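Visitor: One-letter residues, chain by chain:
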Amino acid sequence: MTDKPTLAVWKFASCDGCQLTLLDCEDELRAVTEAVTIASFPEASRAVLDGPYDLSLVEGSITTPADRARIQAVRQQSRTLVAIGACATAGGIQALRNFADVQALLETVYARPEDISTLATSTPIADHVTVDFELRGCPISKTQLLEVITAVLAGRKPNVWPSSVCLECKARGTPCIMVAHGTPCLGPVTQAGCGAICPAYGRGCYGCYGPMETPNTAALVDWLRGLGMAEAAIQRLFRTYNAAAPDFRQAGDRLGEGRHG
Amino acid sequence: MGDDPQGDPQVGGTETRTIKVDYLARVEGEGALYVRIRDGALEDVKLKIFEPPRFFEGLLRGRAFTEAPDITARICGICPVAYQMSAVHAMEAACGVTVDGPLRDLRRLFYCGEWISSHTLHVYLLHAPDYLGYPSAIEMAKDHPDAFERGLALKKAGNDVMRLLGGREIHPINACVGGFHRAPSRRELSDLRETLLRARDLARDTVRWTGTLDIPDFTQDYTFVSLRHADEYPMNEGRIVSSTGLDIAVSAYDDHFEERQVAHATALHCVMKPDGGSYLVGPMARYANNVDRLPPEIREAATAAGLGPVCTNPFRSITVRAVEVLYAVTEALRLIEGYRPPEPAAIPVPPRAGTGHGATEAPRGLLYHRYSLDDDGLITDCTIVPPTSQNQTRIEDDLRRLLPTCLDRPDDAVRDLAEQAIRNYDPCISCATHFLRLEVDRG
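Residue numbers (this note's numbering), protein chains in the order written: chain A, 1 to 261; chain B, 1 to 443.
So that you can see chain A by itself, here it is in the shape it has in the complex:
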């Protein structure tokens, strides 16, 4: 039907925000649709072309037995599979269940919990299938999404670096809010990509892009204690949208054990 590369967008447990990011590329949407055939994107189109697909963007985490089977089928139909967003790359906010009793959560929300089929954990896509690239963020950045699509089409590695948010604050000219104002901030251990928005708005980074490469979370925890934060509050800071990402999980677990340093 077409010789353009085909794009498919898949949703697992998520808020839809990362796939919405594609529709939010108002200035670039026409160019994207000229460069690729949107073969399957239920949120945007009822027309679905059969796979295989050249590029699959996968949003969301695996939280049900049905989704655990479906991600295998998605992988089989996808030449390149990119996991997009904190849910797909770390399990998302719903991975807080990994630290809780799921049966108790079911009973909190549903009158008849036995009717609900769910797994005890929320896990990232890479725990289930081979993922070719993970794009971080809650939500992902438009610029980085367009870079990943462009790179995949060009057959090169996406230009997305695992450095910290601190570098983006410097690039943006935002004075360090921890140094200047004593505002607790996860920026030193969080991967860049958002553009360091929070510090520019006077609040601390809350880690929505997940841990940077080899973060020194122990040093940051000491700093946060020095700012007067309680252990439980520091633990909550690590346990949000990327709570189950290994480096953040370990930092949170250490706080939970009451260990210091």
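Keep in mind that the hints were calculated from the coordinates and are not lab data.
Being a predicted model, the structure only gives us computed values, none of them experimental.
Treat the hints with care, since some could be wrong.
To be verified - Sample of chain A residues facing chain B (criterion: CB under 8 Å; computed from the structure):
{"hint": "1", "residue": "11"}
{"hint": "2", "residue": "13"}
{"hint": "3", "residue": "16"}
{"hint": "4", "residue": "18"}
{"hint": "5", "residue": "21"}
{"hint": "6", "residue": "23"}
{"hint": "7", "residue": "24"}
{"hint": "8", "residue": "33"}
{"hint": "9", "residue": "63"}
{"hint": "10", "residue": "96"}
{"hint": "11", "residue": "161"}
{"hint": "12", "residue": "197"}
{"hint": "13", "residue": "198"}
{"hint": "14", "residue": "201"}
{"hint": "15", "residue": "236"}
Where is the CB? At the ideal position from N, CA and C, for every residue including glycine.
With the hints as your guide, set chain B onto chain A.
Guide: Then chain B, alone, in the frame of chain A:
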């Protein structure tokens, strides 16, 4: 999913038909529709939402009251501002603090951005292709490039408002209990003014354009539920009213509405007490209950596009959304005009033990939050009732009345019309905390 995502119609025998939509398209989230027809009569309709449950209400227990606006925003990437606003109002109510004056105006301006962006996404990218006969807006754009570009430009204006006030358009970071982390300068807002002046023209054209669409003739008797405010078209504040005479404070919501779990969905269905009747929230309800709060020029634009003071045809909801976009752009301009940066950007909200209720008008309708806090401001209990949960019973009621009028048509046609009827409500299934598929059983 796990099943055939296409949901080919199954025609079984001569007396019964099953029509399935296994994966409803152009809605936010994942769901299905199941329709069973026996001997040419409609026997059963189920809107199935099987978005995986994410347990927000459970996960919020033990979190700080200040975390709820950011965490609940993650329920929905399409309307995060609504979640942030219902959460901050509920927390401020629990702590006995009222946020007023310029901060209140700034919140309203922020919300205008989400109404513009979310409604325009639905009008142009999700809903309009139904009226013009295309599978997607991208296909529609080939024959209607002007409409497509207008939609994108208008949506972008809404996103510009959210990005300035919120830092980013999806999961904005700037709203907090008590106000904002940072208030924009007058100068930053005046840059937005130019964008919004252009957007106002686009919004007027959008209202006119929706009036030219071929609207199916289908009217229903609705119980409309929305906020109503003494002198504004409602967004952040007001009493909860219905077209049948209900008029209650937000804190009395639980006395009059009830969530019930149904076997075919992971979303909870809401009904009105005591008789368990369905009701409608969203643009049609807001408009019917508050048309007298719209400025005259906007009412004139609505009338010129064929909209009366009450709209009871859900297929015409596209015009109601367009009118609300025009209102939101106009209101945003008014708020920018009178803007003085609030000082400070957030007022202190010391936590205290108690319960607080918040309800605001998300683009898709009334969004209710209730939180109980302990002395330290940690959440001990919470309830979140999104608009799509409230509309789900009503959507099924519409389908029960609509489908009998078209059962003589082929399955494909029945399916298309049913899907369009569902899209009339702009259902946000992620919001309903939970997935949609259409299945019609004729046998």
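Visitor: Each hint needs a verdict: does it hold in this structure or not?
Guide: Outcome of the hint check:
With its C-beta approaching chain B no nearer than about 6 Å, residue 11 (chain A) sits inside the 8 Å limit, and its interface hint holds. Taken as an interface hint, residue 13 (chain A) checks out: its beta carbon lies about 4 Å from the nearest beta carbon of chain B, inside 8 Å. A least Cβ separation of about 5 Å between residue 16 (chain A) and chain B falls short of the 8 Å threshold, and the interface hint therefore holds. Hint status for residue 18 (chain A) relative to chain B: holds, with the closest Cβ pair at about 7 Å, below 8 Å.
Annotation: interface hint on residue 21 (chain A) holds; nearest CB of chain B at approximately 6 Å, less than 8 Å. Hint on residue 23 (chain A) holds. Least Cβ distance to chain B is approximately 6 Å, under the 8 Å limit. With 8 Å as the threshold, the beta carbon of residue 24 (chain A) comes within range of chain B, its nearest partner Cβ sitting at about 6 Å, so the hint holds. Of the supplied interface hints, the one on residue 33 (chain A) holds, with its beta-carbon coming within about 5 Å of a beta-carbon of chain B, less than 8 Å.
Given the 8 Å rule on beta carbons, the hint for residue 63 (chain A) holds: about 5 Å separates it from the nearest Cβ of chain B. Satisfaction of the interface hint for residue 96 (chain A) is found here, the shortest Cβ-Cβ separation to chain B being roughly 5 Å, below the 8 Å cut-off. A hinted interface residue such as residue 161 (chain A) counts as satisfied when its beta carbon comes closer than 8 Å to some beta carbon of chain B; here the least separation is about 20 Å, so the hint is violated. Annotation: residue 197 (chain A) was flagged as interfacial toward chain B, and the flag holds, the nearest CB pair being 4 Å apart, inside 8 Å.
Below 8 Å, beta-carbon pairs count as interface contacts, and residue 198 (chain A) has one with chain B at about 5 Å; its hint therefore holds. Because the smallest distance between the Cβ of residue 201 (chain A) and any Cβ of chain B comes to about 4 Å, under 8 Å, the interface hint for this residue holds. Given the 8 Å rule on beta carbons, the hint for residue 236 (chain A) holds: about 6 Å separates it from the nearest Cβ of chain B.
When held up to the earlier numbered hints, the structure conflicts with hint 11 and nothing else.
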